[in-house]
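Here the protein sequences line up with chains A and B, keeping their order.
For the first sequence, the residue numbers in the numbering used here are 182 to 507.
For the second sequence, the residue numbers in the numbering used here are 58 to 384.
Just so you know, the hints here were simulated from the structure itself, not pulled from any lab data.
Since we're looking at a predicted model, the values are computed, not measured.
The reader is advised that the hints may include incorrect statements.
What the hints assert, rightly or not - Lysine-lysine pairs mimicking DSS-like chemistry, simulated, CA-CA at most 25 Å apart:
id: 1; chain 1: B; residue 1: K226; chain 2: A; residue 2: K335
id: 2; chain 1: A; residue 1: K372; chain 2: A; residue 2: K350
id: 3; chain 1: B; residue 1: K77; chain 2: A; residue 2: K314
id: 4; chain 1: A; residue 1: K314; chain 2: B; residue 2: K187
id: 5; chain 1: A; residue 1: K326; chain 2: B; residue 2: K77
id: 6; chain 1: A; residue 1: K345; chain 2: B; residue 2: K226
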Amino acid sequence: MKVSILDDYHDTLRTLEAFGKLAGHEVTVWNDHVQDTEALAKRLEQAEALVLIRERTQIRAPLLERLPRLKLISQRSVFPHIDVDACTRLGVVLCSNQSFGRPSYATAELTWGLVIAAMRDIPLQMESLKAGKWQAGVGSTLRGKTLGILGYGKIGAVVAGYGKAFGMKVLVWSRDASRARALADGYAAAKSRETFFAESDVVSLHLRLIDATRGIVTAADLARMKSTALIVNTSRAPLIEPGALVAALRAGRPGKAAVDVFEEEPVRDTGHPLLNMPNVVCTPHLGYVTREDHEIAFAEIFDQINAFVAGKPINVVNPEALGKRK
Amino acid sequence: MKISILDDYHDTLRTLEVFKKLAGHEVTVWNDHVQDTDALAARLADADALVLIRERTKIRKALLERLPRLRLISQRSVYPHIDVADCTRLGIVVCSSQHPGSPSYATAELAFGLMITAMRDLPRQIASLKAGTWQAGVGRTLRGKTLGVFSYGRIGAAVAGYGRAFGMKVVAWGREPSRERARAEGFAAAASKEAFFEECDVVSLHMRLVEATRCIVTARDLARMKPDALLVNTSRAPLIEPGALVAALKAGRPGMAAVDVYEEEPLLDIRHPLLNLPNAICTPHLGYVTRDEYGVQFADVFDQITAYAAGAPINVVNPEVLKNARK
């Protein structure tokens, strides 16, 4: 099959062991990011299968309607960026594994790296050293402090485990089912949402973005945080009310933030307020961006292509499309 | 007593809860770093007691002989920067808690933070984002990798525990007693020093600097490391042979280093080779630099002063001095 891969910014996929699974297919890899429908239609006009990396490119009806040869979209995890109804109508099968048993350790590890980087002001301290000024201030120890985990799912549970190993008090705020799981795992649940934000020295968000979680962290929640506290978001930007984080940081509660996710990605605007605040550590959505996590994810994505070619598609999101196959 | 405190770079001590222990004393705090003997002699001319922050200022014979009023030096941990024999001769009591039992968790946390910072290339990624170019490459996951802890002392044990929680395979190296302790606590010990440097994806140094450990990591050890391995040094620079780390990083084995400690501190020379290598992440000796750690350490340091003032000095390093101590 003619397979097109979008948004492989660093041409990493070819270097993965899993890439061997595409042997025999005619593969085109694009390393830049393009969202323009014209440009995408041109790039993908020959493509029979399309591989997407996370939610990097939106695949909407106007584009899909211009891709007559497309039979399959293969990707992993959630798909708010894909017009699934249009796929079904046009007979494009969407395969996206969502039942991975393994949490994204890469994201959990990044979260922890950001917690320490922010608590110790590592970027600022490095700059000070490189400028010939030695130390730039005094950091905070994690041990003995309170780590608030908002959303005790797979990644939240891993991060809670890191906090425990670092001698932190772990406090969980979550829906009833996952709160019960946190209690069973030996963690404390906050008495209320108010105390969760008021008591935590570090709050880390680990929720999927769905309608029920959009804007779930409000300006009022942030205003309850301590002036020395840190909020870490490696999940999704819209979990926080639009604009609330920047306003809260300007007001000094919480005192610090570490942010890996943005409302619009990729961020190309160097004037973005979060990039210009001294009390914020920002990274360009690196959560899942490790070779090891790519190996796991793309083994699945390429398996989906081979299963489809073999006539036994797996992880099909829109089985109705199978009947309309081109 | 007139107490002088040197090298409190960010005027942090006054803001600590434990500073209250010095109530009733006349305290002078210096925020800059000075090593010149004349300047120090002028600053400390009236001091009865001197508080030192770690090894930031060297207190040598030439200076001590110009401080006729000085009766007490109070600090914490090791004291290679103090001429203790001269203190004893001049009747100056040196008190320095060796803090048995409690590792510096601040240092262990920093070591682990530097590991993730390096494996995910955070400085370059942050710079790329700020430059409007989004991501700058693909990082690596720690889980499943081999973490080498050299050696398994108090801080090494804390770092080994973090590694285990992160799903890393932890291997210890060091003298036999330290390897034995690692095995007793459920970690593996490497078969040899060679195997240790060859196998580890991350090597983190956790040793005191004593004559036996000076240059304990040689150019040959570093050359055995993998081209994608990381060396983390939050202990002391002279544990590594002079110049060996820079040469090794230039040669590509190990592929990366994260360094918090330098041969000369404070490091103010922006041309220092480590600061200018793309594969080295450098921080300005932040290991123990947290408010929490300062709180713990200066409770000890100030308690030593009040105990001395009460006539019952504690943690005295040179007890011989007590017979002819200055009054």
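Mind checking the alpha carbons of K314/A and K187/B for me, to see if they're no more than 25 Å apart?
holds, 22 Å
Hey, K345/A versus K226/B, does the alpha-carbon distance stay inside 25 Å?
holds, 19 Å
Does the structure keep K372/A and K350/A at a Cα separation of 25 Å or less?
holds, 15 Å
Proposed proximity, K314/A with K77/B (alpha carbon, max 25 Å):
The given pair, whose Cα atoms are some 30 Å apart, is violated under the 25 Å limit.
25 Å limit on alpha-carbon distance, applied to hinted pair K226/B and K335/A:
OK: K226/B and K335/A at ~22 Å, within 25 Å.
Restraint check for K326/A with K77/B, where alpha carbons must lie at most 25 Å apart
Holds, at roughly 23 Å.
Hint check: a violation occurs at hint 3 only; the rest are consistent with the structure.
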